[in-house]
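Read top to bottom, the protein sequences are chains A and B. Under my numbering, the first sequence has 50 at position 50, and the numbering climbs by one with no breaks. Under my numbering, the second sequence has 273 at position 273, and the numbering climbs by one with no breaks.
Each hint should be verified, as a subset may be incorrect.
Claimed, not checked - Which bits of chain A does chain B cover? Going by a derived footprint, with three or more residues having C-beta under 8 Å, they are:
(1) 85-98
(2) 263-270
To be verified - Quick partial rundown of chain B residues pointing at chain A, CB under 8 Å, derived from the structure:
(3) 213
(4) 216
(5) 219
(6) 249
(7) 257
(8) 261
(9) 279
(10) 284
(11) 287
(12) 288
(13) 290
(14) 294
(15) 297
(16) 306
(17) 310
(18) 399
Simulated from the structure, these hints should not be mistaken for lab results. Ideal Cβ placement from N, Cα and C applies to all residues, glycine included.
Protein chains: 2
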Amino acid sequence: MRQDPPVPAGEMLKLLDELAAFSAPGPGVTRLLYTPEWCGVQHFLQERMTGLGLEVRMDQVGNVYGRLAGSEASDKVILTGSHIDTVVNGGRYDGAYGIAAAVTALHYLQATFGQPLRTLEVVSFCEEEGSRFPLTFWGSGHVTGLYSGSEGLDCADAEGITMGAAMAACGLGGIAVSGAEAAAGLEGSYRFKDSPVRSDVAAYVELHIEQGIILERTSHQIGVVQAIVGQRRYLVKVCGTANHAGTTPMGLRQDALAGSAEMLLALERSAVAEGDPLVATTGRLEVSPGTPNVIPGEVQFTLDIRHSEAGMLERFCAAILAEFAELSGRRGLTLAVQQQLDTTPAPMDQELCEALEEICLGQGKSFRSMVSGAGHDAQLFAALCPAAMIFVPSRGGISHSPGEYSSPEELTAGLEVLTALLYRLAYTEN
Amino acid sequence: MRQDPPVPAGEMLKLLDELAAFSAPGPGVTRLLYTPEWCGVQHFLQERMTGLGLEVRMDQVGNVYGRLAGSEASDKVILTGSHIDTVVNGGRYDGAYGIAAAVTALHYLQATFGQPLRTLEVVSFCEEEGSRFPLTFWGSGHVTGLYSGSEGLDCADAEGITMGAAMAACGLGGIAVSGAEAAAGLEGSYRFKDSPVRSDVAAYVELHIEQGIILERTSHQIGVVQAIVGQRRYLVKVCGTANHAGTTPMGLRQDALAGSAEMLLALERSAVAEGDPLVATTGRLEVSPGTPNVIPGEVQFTLDIRHSEAGMLERFCAAILAEFAELSGRRGLTLAVQQQLDTTPAPMDQELCEALEEICLGQGKSFRSMVSGAGHDAQLFAALCPAAMIFVPSRGGISHSPGEYSSPEELTAGLEVLTALLYRLAYTEN
Numbered sequence: 001m002r003q004d005p006p007v008p009a010g011e012m013l014k015l016l017d018e019l020a021a022f023s024a025p026g027p028g029v030t031r032l033l034y035t036p037e038w039c040g041v042q043h044f045l046q047e048r049m050t051g052l053g054l055e056v057r058m059d060q061v062g063n064v065y066g067r068l069a070g071s072e073a074s075d076k077v078i079l080t081g082s083h084i085d086t087v088v089n090g091g092r093y094d095g096a097y098g099i100a101a102a103v104t105a106l107h108y109l110q111a112t113f114g115q116p117l118r119t120l121e122v123v124s125f126c127e128e129e130g131s132r133f134p135l136t137f138w139g140s141g142h143v144t145g146l147y148s149g150s151e152g153l154d155c156a157d158a159e160g161i162t163m164g165a166a167m168a169a170c171g172l173g174g175i176a177v178s179g180a181e182a183a184a185g186l187e188g189s190y191r192f193k194d195s196p197v198r199s200d201v202a203a204y205v206e207l208h209i210e211q212g213i214i215l216e217r218t219s220h221q222i223g224v225v226q227a228i229v230g231q232r233r234y235l236v237k238v239c240g241t242a243n244h245a246g247t248t249p250m251g252l253r254q255d256a257l258a259g260s261a262e263m264l265l266a267l268e269r270s271a272v273a274e275g276d277p278l279v280a281t282t283g284r285l286e287v288s289p290g291t292p293n294v295i296p297g298e299v300q301f302t303l304d305i306r307h308s309e310a311g312m313l314e315r316f317c318a319a320i321l322a323e324f325a326e327l328s329g330r331r332g333l334t335l336a337v338q339q340q341l342d343t344t345p346a347p348m349d350q351e352l353c354e355a356l357e358e359i360c361l362g363q364g365k366s367f368r369s370m371v372s373g374a375g376h377d378a379q380l381f382a383a384l385c386p387a388a389m390i391f392v393p394s395r396g397g398i399s400h401s402p403g404e405y406s407s408p409e410e411l412t413a414g415l416e417v418l419t420a421l422l423y424r425l426a427y428t429e430n
Numbered sequence: 001m002r003q004d005p006p007v008p009a010g011e012m013l014k015l016l017d018e019l020a021a022f023s024a025p026g027p028g029v030t031r032l033l034y035t036p037e038w039c040g041v042q043h044f045l046q047e048r049m050t051g052l053g054l055e056v057r058m059d060q061v062g063n064v065y066g067r068l069a070g071s072e073a074s075d076k077v078i079l080t081g082s083h084i085d086t087v088v089n090g091g092r093y094d095g096a097y098g099i100a101a102a103v104t105a106l107h108y109l110q111a112t113f114g115q116p117l118r119t120l121e122v123v124s125f126c127e128e129e130g131s132r133f134p135l136t137f138w139g140s141g142h143v144t145g146l147y148s149g150s151e152g153l154d155c156a157d158a159e160g161i162t163m164g165a166a167m168a169a170c171g172l173g174g175i176a177v178s179g180a181e182a183a184a185g186l187e188g189s190y191r192f193k194d195s196p197v198r199s200d201v202a203a204y205v206e207l208h209i210e211q212g213i214i215l216e217r218t219s220h221q222i223g224v225v226q227a228i229v230g231q232r233r234y235l236v237k238v239c240g241t242a243n244h245a246g247t248t249p250m251g252l253r254q255d256a257l258a259g260s261a262e263m264l265l266a267l268e269r270s271a272v273a274e275g276d277p278l279v280a281t282t283g284r285l286e287v288s289p290g291t292p293n294v295i296p297g298e299v300q301f302t303l304d305i306r307h308s309e310a311g312m313l314e315r316f317c318a319a320i321l322a323e324f325a326e327l328s329g330r331r332g333l334t335l336a337v338q339q340q341l342d343t344t345p346a347p348m349d350q351e352l353c354e355a356l357e358e359i360c361l362g363q364g365k366s367f368r369s370m371v372s373g374a375g376h377d378a379q380l381f382a383a384l385c386p387a388a389m390i391f392v393p394s395r396g397g398i399s400h401s402p403g404e405y406s407s408p409e410e411l412t413a414g415l416e417v418l419t420a421l422l423y424r425l426a427y428t429e430n
């Protein structure tokens with residue numbers, strides 16, 4: 001495509017600015033699901049894509065699509081995009097970048113090459129972060145079968161607003177069961193109407209900031225994601241005996257915090273020994289009673305363990321939990337472990353990965369095969385269709401923060417690679 | 001005293017029951033400073049002691065005294081008692097036992113032996129626990145010079161009620177500065193009126209439950225306290241870098257919690273190596289941001305370190321803080337340590353300790369010399385006059401809990417020893 005006109009990076013950067021303007025007050029961008037700023041941005045995107053000649057629609061949960069129909073007699077779609085929601089005080093790039101680039105790519109491809117052979121579709125998923133309601137991937141999960149609909153019924157945000165009420169406030173149908181359905185006892189079996197699972201997706205491609213420091217540290221422009229890690233989350237509860245910090249000799253203590261400290265160090269040691277891409281983290285830890293002069297009687301902490309291979313993840317988790325149990329027994333502590341999350345690793349499509357590498361080579365861009373340690377909408381499509389992810393560097397690895405940053409040059413490189421892949425998928429006889 | 005009538009343990013046990021009835025609702029006993037139940041119990045004690053023929057008075061902060069004047073022409077007083085306040089949902093024995101036993105002992109001594117040579121005084125200190133206002137030893141501190149008065153001016157409880165208002169609600173003069181004094185800018189230099197420091201105390205004797213498990217584990221009836229430990233408290237702040245738990249490889253982390261865990265284990269290891277009576281505890285630890293999928297960027301934790309010898313305490317604290325600094329540097333973390341408390345060890349009077357041992361031997365009671373790992377009112381008197389403490393076993397070492405328990409036999413043994421010591425001090429030519 002070197003002979004073709006340059007991809008209009010300025011258009012994408014301007015669109016990113018426009019999207020960032022839809023935010024609740026405060027530092028960075030705050031655009032939680034079904035809030036006024038969320039409604040505003042999804043309507044803005046619909047208008048913008050309509051203006052660019054795409055067929056626009058919004059589905060039942062608020063995902064927005066812009067369609068550029070192909071000339072072939074097929075209902076298959078090349079889908080590309082990301083999520084439009086952010087965390088509280090998040091950045092301008094996480095999610096929004098993949099949407100702004102996709103809109104720009106489709107505009108450029110149509111303007112430059114006309115109608116594609118295969119249908120191209122941009123998607124702006126309503127939600128991925130889980131920042132307002134206790135559900136993640138509400139957008140991509142809706143169209144991939146992760147959710148049936150009833151999951152949203154019991155959901156409320158921190159202020160007690162139910163998801164149904166929040167949807168209604170955005171002019172969406174909501175997911176509340178009608179009085180008649182409720183009378184018929186259908187709450188538990190509520191389903192999305194018009195089965196929303198998309199069996200028409202031939203490929204899903206997502207462009208995203210890395211949210212990590214690997215590309216920056218290794219000076220690569222593009223990350224070609226080979227797999228999105230599987231993730232296990234556990235809540236670990238360690239019980240000892242709360243006692244007086246002054247009158248209980250060291251030898252007569254069952255200190256739940258000292259025991260937990262030993263577990264955290266064992267976790268770190270094992271994770272370092274296992275090596276990349278395994279990561280293991282305790283992000284939350286709470287001590288009870290939490291008084292300076294009382295030996296902690298109970299500690300609860302979280303475990304977040306990730307790996308790109310299911311077998312390795314399983315083996316590591318089993319080994320570390322066995323070590324925790326041994327350690328608890330030795331200290332006279334009791335241990336209770338509750339699994340809270342178990343997502344399997346999602347391999348990306350190998351042909352698409354190879355295509356991305358060829359494109360980078362052709363465009364003279366440095367690239368690196370890598371694992372995504374963060375979850376992304378693409379992982380839900382991996383089971384349905386060939387899926388691919390393209391990463392660009394994140395300055396300092398910072399994301400979910402107003403300090404999130406990728407340079408215009410880095411963002412442009414990602415757009416160029418995405419555009420070339422979409423061209424291959426939709427315009428060539430592949 | 002073997003030929004004398006038995007000490008009336010039943011009277012003391014009944015008085016303990018009566019005191020326990022003054023409690024806010026809820027499990028155990030809750031009798032916070034200057035609350036209605038606190039007012040009730042101090043007035044009850046005044047009436048009871050008046051009925052027993054003691055001269056009764058209440059001082060400016062609400063300490064209650066019952067005086068049995070001696071026949072010698074001396075203003076010196078043998079003072080015995082403890083504190084009347086409890087923690088929230090505390091037990092029936094912590095503090096109250098020392099008062100009930102002292103009242104019973106004076107009643108018995110007067111009834112059996114008549115007027116003493118030296119004046120005996122029971123004290124029910126208004127406060128020791130620091131459970132309502134952020135001050136401890138408000139009662140004994142008032143009469144030993146720990147406080148000048150102005151410390152209470154800025155104090156408020158968790159509901160925002162100032163100490164002055166709480167005192168006024170109990171009919172006490174309060175410590176608020178008058179309008180005229182405030183106009184004269186005297187708030188900061190406010191002093192208790194009628195300098196309350198008691199230079200008339202010839203000896204202070206306190207009977208208390210152990211609040212630990214040493215007497216129970218070693219099967220001793222009486223603990224003869226040699227020293228009350230000195231105590232250092234620190235707030236330690238460890239800063240690393242908050243980062244994404246999925247996208248940050250193990251080798252690129254500055255995890256404030258993993259670093260803190262290593263410090264806690266080092267603390268435990270050093271304390272065990274140092275041996276009794278050193279104890280070191282982290283009772284509170286807080287993680288920020290405290291999200292399961294974010295590497296902790298900041299951890300704050302408390303240190304509570306105690307020893308009965310000032311030099312050993314100083315040396316241990318310096319060594320462990322140096323180890324923390326070394327450890328932080330190695331992990332790329334920053335460390336900030338703030339000292340919050342520094343009390344020096346308080347040795348008890350050796351002659352009184354020997355007298356207690358003789359009494360135990362004479363009464364056929366098993367006893368053990370020990371260090372008090374908890375703070376007590378007696379530690380403030382140690383600098384002013386000979387001071388002694390007698391411990392009785394606490395079941396399971398439990399205190400500050402509705403489960404606090406010492407058996408009637410154990411309580412009676414303590415009463416017998418206290419009574420004998422008071423007899424020696426007030427009735428014999430010692």
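For each hint, the structure was consulted:
no., hint, in the structure
1, 85-98, "violated (count 0)"
2, 263-270, "holds (count 3)"
3, 213, "holds, 6 Å"
4, 216, "violated, 10 Å"
5, 219, "violated, 15 Å"
6, 249, "holds, 5 Å"
7, 257, "holds, 6 Å"
8, 261, "holds, 4 Å"
9, 279, "holds, 6 Å"
10, 284, "holds, 5 Å"
11, 287, "holds, 5 Å"
12, 288, "violated, 10 Å"
13, 290, "holds, 5 Å"
14, 294, "holds, 5 Å"
15, 297, "violated, 10 Å"
16, 306, "holds, 5 Å"
17, 310, "violated, 16 Å"
18, 399, "holds, 6 Å"
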